[in-house]
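Colleague: Chain residues, written in single-letter form:
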Amino acid sequence: MSAGVSAGTLQLMQRHRGATIGAGVLAMMALAAIAAPLIAPLDPQVIAPFDRLQDPDGRYWFGTDQIGRDVFSLTVYGARVSMTVGCVVALISIFSGLVLGLLAGFISWVDGVLMRVMDGLMAIPSILLAIALVAISGPSIRSIVIAITIAEVPRVTRLVRGQVISLRGQLFIEAATTAGTSVPVILYRHIVPNLLAPLLVQASYVFAAAVMTEAVLSFIGAGVPPETPSWGNIISEGRTVFQLAPHIVLFPSLVLSVMVLSVNILGDGLRDAFDPRFTGRG
Amino acid sequence: MTALLEVAGLVKRFAHSRSLIDRVRGKPAGAVQAVSGVSLSIAANETLGLVGESGCGKSTVGRCILRLEQPDAGTIRLGGEDISQLAEPRLRPLRRKLQVVFQDPFASLNPRRTVGEAVAEPLRNFTDLRGAALRDEVARLFERVGLRRDQIDRFPHEFSGGQRQRIGIARAIGPRPDLIILDEPVSALDVSIQAQVVNLLMDLQDEFRLSYLFIAHDLAVVRHISQRVAVMYLGQIVETGPRDAVFSHPRHPYTAALLSAAPILDPAKRNAAERIILTGDLPSPSNPPSGCRFHTRCPYAQAICSTTVPPTVESSPGHIAACHFPL
Amino acid sequence: MSERQPLLVIDSLAVEFHGRDGTTCAVDDVSLTLHAGEILALVGESGSGKSVTSLAALRLIPDPPGKIVSGTILLDGVDLASLDDRALRRVRGKDMAMIFQDPMSSLNPVLTIGQQIGEAIRLHEGGGDEAVRARIIEVLELVRIPQADMRIDQYPHQLSGGMRQRVMIAMALSCGPRVLIADEPTTALDVTIQAQILALLRDLRERLGMAILLITHDLGVVAENADRVIVLYGGRKVEQGPVDSLIRNPRHPYTRGLLGSMPHLDSALSGDKRARLVEIPGAVPSNAGSLPGCGFAARCELADAHCRTHRPPLTDVGPDRLSACWKHDQLPEAQP
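Protein chains in written order, with our numbering: chain E, 56 to 337; chain S, 5 to 331; chain P, 3 to 338.
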């Protein structure tokens, strides 16, 4: 259906190296997260007090923390939390934003009310909003996901609404009207397909923001419970012994940076790939 | 015999947006008087050319007839039924009789759908054709407009401007309409392609007994394709009549000026002394002149022209002009 | 006809564009001579290379992706290709100026008319504020803009399309260039305004002895305003000659087809039955400039195998008439 995902995928990948690299790194991390029990050499919960605060070596690739847990295994399991939060938040906020944005774009009174609510939400820094919501419902992956989603939905809604409004004025939409197509069919046949590309790009940015926000929340102790390994948790605990054992902070931070960076590169690459200048040439 | 399309007293205004302060103060919004009382009629199997310069409102007239804009006043009778205020669900089945070809062939096609799907859309809405039968009909339409069957599954960006316009025409004739509104259908095309498309339109009109409302600013093309012509200026029709009469003996000074401004190829037929060059600029459509709207630029204007709206004078059957002193 | 010295001489110009899909030859061996006090028209449809030729004359082709591959451009004897950027900037505006199709996008919306015209004057002629303002008013009156002293402080959006085009002409004329390149100056304008602007250009030619290179696709405009015509197709010159002679008796199938496919306001009306327009089948091929034979062969009814493999040279077909066609003598004498 879409001209951008047609034959010549190899050629496409060659041209958009950024997107390919970003996607590749992410895929590897996702696989690692799913296969954590197989990859992590040691159970992260195992406490080995005699091996605590060890530097990275052949056995403990990323070293150990204050209570002797293998940082590498912790990091691999931590990827689960990050990827889960990232994916779920991205999915829910894109879907909600799509529905809300469509409503706002088509029904003017809904637009007025909804946009004021969204503006209000966007005025509150997402971290603070998330903290407040977590404080109400207690720390757990579910409340984190809900909190971050609420913070991200307004941006997506705004994007969709803007696109819908500009699409509505397009000549091919008017052509569909004169061809006798009813409004619901115009929505699903003409409008939504033209929204998919910017939504996909936005999804990647939402994913990155969600991962970052979760890490920050866990870092300040308002995120996932301390028993569940999360990059934020690990970094937070490593903070106190940073002088002695910097590897506890460094490695998870590095991995976090790489993930966010690859998501952003993927998003930029996707945006370029969908740019009509590239798809325009047959 | 009732005409196929009868428009009477069509009015359309576009309100200027007001700043918040003006809105609070209660200042009334000014409005662009895009169409101020337009009446025209088109018979079956006839082409009415609607000409005028930019800002005269001719495109708006077309869009109102298509109900892409909601008229503020007036009636639009299609086959006797007034569609000007009809709600969308009741209007939709009537759209089968009234199709359109737009000026910009690229913008009127969804870039993410194949051209076959674009042409199939009205057929899907108005006929029972589906599946292989639908595909077959689309293929036949493609061939009728000079394209190939195997191009059905391509995307708009793979075609040239002339080809895209042919696709737009295929889409318009699919549901076998009675009337097609053509809004500057050839202005964006190269001259040699224009000829192909104009010929195609004329052939299709003969074959399917179509009527056309041909909206354009190019007088030569309008003269070639139309049986009757209407000339618009600043939201109003200033002259209407059979093509030959209007082009050979224009009765309204604006029509005469328009005709004399167009370049003539043959030097022997050029008469420099006859060229009327209009002075001044087009007045703002938000604030049209009083009386006859053309009086500010008319070489023959007199006192009454600025105070009184001119009457419609019929100089010969079917040939009318809105002027106090028709030529 | 008085002796007119050649001001702009373009000799065997070739321009290529390097794109992702390869190299296209936009202009292939085009030569022209523009004399003082003359209006020379460059006619062609899209892909003919007419705009590229004019941009190349002013060295305005972006490089990359475009490149002047060969040819010389002599302005009053000076080879423009040999000038460095600074010298070139002095030429642009002062000796040779250009006006474009869409005046709205060529004018800066946030500067007043006076500021924009003044910019060129200050650059080339200098002078104090008083002197510059006086010169601006002088040039606005030259292009017949009424109430020049009020208009000078207005912004582009406050003027109509015709006025904006006049302002562009004023900007182009402000430093008294001897050559004016007008690229589709009236295409975006209504026919009544077009008549005004073209009358102005003719007037300027009479009063100032300017040489004007008029680029257009409209043969009607050419017929009424130009002295000589060059017809371009697919980047190559296919015909050249004095305007009346060329239009009355075209000696290239493309020119003939172009004239036939236009509906003319002055043609005889064939009563009730509407005549078909003469069609040129097909469309301009995208690689016309790189074909071994004649670029028009694929659409020409007279073409044969020889035409498709051998590029026709420009031959003399009459007094000051050139045509690039192997079959030009097979064309019947045209009726008016």
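Just so you know, not all the hints are guaranteed correct.
Said to hold, decoys possible - Lysine to aspartate or glutamate pairs mimicking DMTMM-like chemistry, simulated, CA-CA at most 20 angstroms apart:
hint, chain 1, residue 1, chain 2, residue 2
1, S, Lys273, P, Asp229
2, P, Lys96, P, Glu127
3, S, Lys273, P, Glu127
4, S, Lys101, S, Glu50
5, S, Lys101, E, Glu229
6, S, Lys273, P, Asp31
7, S, Lys273, P, Asp246
8, P, Lys69, P, Glu127
To be verified - Selected chain E positions facing chain S (Cβ under 10 angstroms, derived; list incomplete):
hint, residue
9, Ala91
10, Ala95
11, Asp98
12, Pro99
13, Gln100
14, Ala103
15, Arg107
16, Gln109
17, Gln225
18, Leu226
19, Thr232
20, His245
21, Pro248
22, Leu255
To be verified - Ranges between beta-carbon positions, derived for each pair:
hint, chain 1, residue 1, chain 2, residue 2, range
23, S, Arg134, E, Ala85, 37 to 45 angstroms
24, S, Asp207, E, Arg223, 32 to 40 angstroms
25, E, Ser163, P, Ala89, 58 to 66 angstroms
26, P, Arg278, S, Asp270, 31 to 39 angstroms
For the record, the hints were derived by calculation from the structure and aren't laboratory data.
By construction, the Cβ of each residue, glycine as well, lies at the ideal position given by its N, Cα and C atoms.
Colleague: Determine for every hint whether it applies to the structure shown.
Modeller: The hints, checked one at a time:
Of the pairs offered as hints, the one joining S/Lys273 and P/Asp229 holds, with about 18 angstroms between alpha carbons and a cut-off of 20 angstroms not exceeded. This hinted pair checks out: P/Lys96 and P/Glu127 have alpha carbons roughly 9 angstroms apart, not beyond 20 angstroms. Proposed proximity of S/Lys273 and P/Glu127 is contradicted: the alpha carbons are some 45 angstroms apart, above 20 angstroms. With a CA separation close to 15 angstroms, the supplied pair S/Lys101 and S/Glu50 stays within the 20 angstroms bound.
As the CA atoms of S/Lys101 and E/Glu229 are separated by approximately 16 angstroms, the hinted pair is consistent with the 20 angstroms bound. Between S/Lys273 and P/Asp31 the alpha-carbon distance is near 36 angstroms, which puts this suggested pair outside the 20 angstroms criterion. Distance hint between S/Lys273 and P/Asp246 is fulfilled; the C-alpha atoms sit about 12 angstroms from each other, no more than 20 angstroms. Taken as a hint, the P/Lys69 and P/Glu127 pair is broken in the structure, with Cα atoms around 31 angstroms apart against an allowance of 20 angstroms.
The beta carbon of E/Ala91 is not positioned within 10 angstroms of any beta carbon in chain S (closest approach about 39 angstroms), and the interface hint is therefore violated. Interface restraint check: E/Ala95 against chain S, minimum CB-CB distance 44 angstroms, threshold 10 angstroms, status violated. Interface hint at E/Asp98: violated, since its Cβ lies 50 angstroms from the closest Cβ of chain S, which is beyond the 10 angstroms cut-off. For E/Pro99, the interface hint is violated, the least distance from its beta-carbon to any beta-carbon of chain S being 47 angstroms, above 10 angstroms.
Residue-level restraint check for E/Gln100 is violated (minimum Cβ-Cβ distance to chain S is 50 angstroms; threshold 10 angstroms). The closest approach between the C-beta of E/Ala103 and any C-beta of chain S is roughly 57 angstroms, which is over the 10 angstroms cut-off, so the hint fails. Of the supplied interface hints, the one on E/Arg107 is violated, with its beta-carbon coming no nearer than about 58 angstroms to a beta-carbon of chain S, more than 10 angstroms. Annotation: interface hint on E/Gln109 violated; nearest CB of chain S at approximately 56 angstroms, more than 10 angstroms.
With 10 angstroms as the threshold, the beta carbon of E/Gln225 comes within range of chain S, its nearest partner Cβ sitting at about 7 angstroms, so the hint holds. For E/Leu226, the interface hint holds, since its Cβ comes within 10 angstroms of a Cβ in chain S; the closest pair sits about 4 angstroms apart. Interface restraint check: E/Thr232 against chain S, minimum CB-CB distance 7 angstroms, threshold 10 angstroms, status holds. Contact between E/His245 and chain S, as hinted, is supported at the beta carbon level, the nearest pair being about 6 angstroms apart and thus within 10 angstroms.
Hint status for E/Pro248 relative to chain S: holds, with the closest Cβ pair at about 5 angstroms, below 10 angstroms. Interface hint status for E/Leu255: violated, as the beta-carbon distance to the closest one in chain S is roughly 13 angstroms, over 10 angstroms. Distance hint for S/Arg134 and E/Ala85: a CB-CB separation of about 42 angstroms, consistent with the stated range 37 to 45 angstroms. Taking the beta carbon of each, S/Asp207 and E/Arg223 are about 35 angstroms apart, inside 32 to 40 angstroms as hinted.
For the pair E/Ser163 and P/Ala89, the beta carbons lie near 59 angstroms from each other, so the given range of 58 to 66 angstroms is met. Distance hint check for P/Arg278 and S/Asp270: the Cβ-Cβ separation is about 21 angstroms, which falls outside the suggested range of 31 to 39 angstroms.
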